[in-house]
Each structure stands twice: as structure tokens, then as C-alpha cells.
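Q: Sequence:
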Amino acid sequence: MYDRILYPTDGSEGAEAALEHAIDHALQYDASLHVLYVVEETLPAMEAGAPDVLDALEERGQQVIEEARDRAVDAGVDSVQASVAAGSPYRQILTYAEDSETDLIVMGTHGRRGIDRYLLGSVAEKVVRTADCPVLTVRAQKAE
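With full-length UniProt numbering applied, the sequence shown closes on residue 144, and no number is skipped along the way.
Just so you know, the hints here were simulated from the structure itself, not pulled from any lab data. Honestly, I wouldn't trust all of these hints.
Claimed, not checked - What follows is a list of derived Cβ distance ranges for each label pair: (1) Q141 with V73: 19 to 27 Å; (2) R129 with G76: 27 to 35 Å; (3) D52 with Q141: 32 to 40 Å; (4) V53 with E101: 29 to 37 Å.
Predicted model, so just to flag it, every value in this text is computed and none were measured. Where is the CB? At the ideal position from N, CA and C, for every residue including glycine.
Please put together the full structure from these sequences, using the hints given.
A: The structure is reproduced here in C-alpha cells:
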């Protein structure tokens, strides 16, 4: 049913909640898991041309995808690919999904900007509305 699963992450708690589901689906369907971190280039620091900020964000992205890849491999997922991209998060997610012929996107409902924590996050909402494949959204567990 699913051969390629895309797990976009920003390293947030919401994204972390989705990782377990992505791993479970990859194991259940013997699918490859693609981990994607997008460095958002529309941040004010980027517009001001601060290359150190971009470098730090890319480094953070590498750390996040390596941790996710390690968790997936440790869980038994045979094929894990990890990438860092730059640009608009939802556009990069959709482009990656199309280019890699993704069968399922598994993502958190809220990223770091979870100000409206009772509503679907804007990136997830745009992906759900415009993706050509099914999208599984996962909400982070509430603290007890």
C-alpha cells in the first residue's frame, strides 16, 4: 500500500509525536522512510542576510534528521533517507513528496509556531489541502 513515506520535521514536539507513526507505518508496509527538514528562508534574519543564522539552522536540521534516521534504523526500518532543504516549508514538503513519489506524508499538526495550539498548524494545513498523496497528521500528547 505504501512504498515511500515522507516524514517532514522541524524538531518540535509536534513533529516528534509523528515520528513514531512514520516508523510504525514504514515497518508495517516495509516502506522506505524519507526524513525532511526544511530551513525556512523567509525568516527575518534570512532577509537581513545573516549567513551565520542560515548555517546554524542548517546544522540544527542535520542534527534533527540524523536523530530521526537513527531512531528509525534502531527500530528496524531498512531504508531511511534524510535531507535538509531550504525554502518555504510547505512548498518544499510538496516538492519533495512529488519528486520522490511519496505514497504517504506523516507529520505533526503543530511545529514550533504552535501559537494557535487548538487549530491545525499552517504548514500542516497547507500540506493537507494541496498534497497529491494521503497525509496523516499527528497531534502531540498533552502533558498531564
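Q: For each hint, tell me whether it holds in the structure or not.
A: Going down the list of hints, with the structure as the test:
{"no.": "1", "hint": "Q141 with V73: 19 to 27 Å", "verdict": "holds (24 Å)"}
{"no.": "2", "hint": "R129 with G76: 27 to 35 Å", "verdict": "holds (33 Å)"}
{"no.": "3", "hint": "D52 with Q141: 32 to 40 Å", "verdict": "holds (35 Å)"}
{"no.": "4", "hint": "V53 with E101: 29 to 37 Å", "verdict": "holds (33 Å)"}
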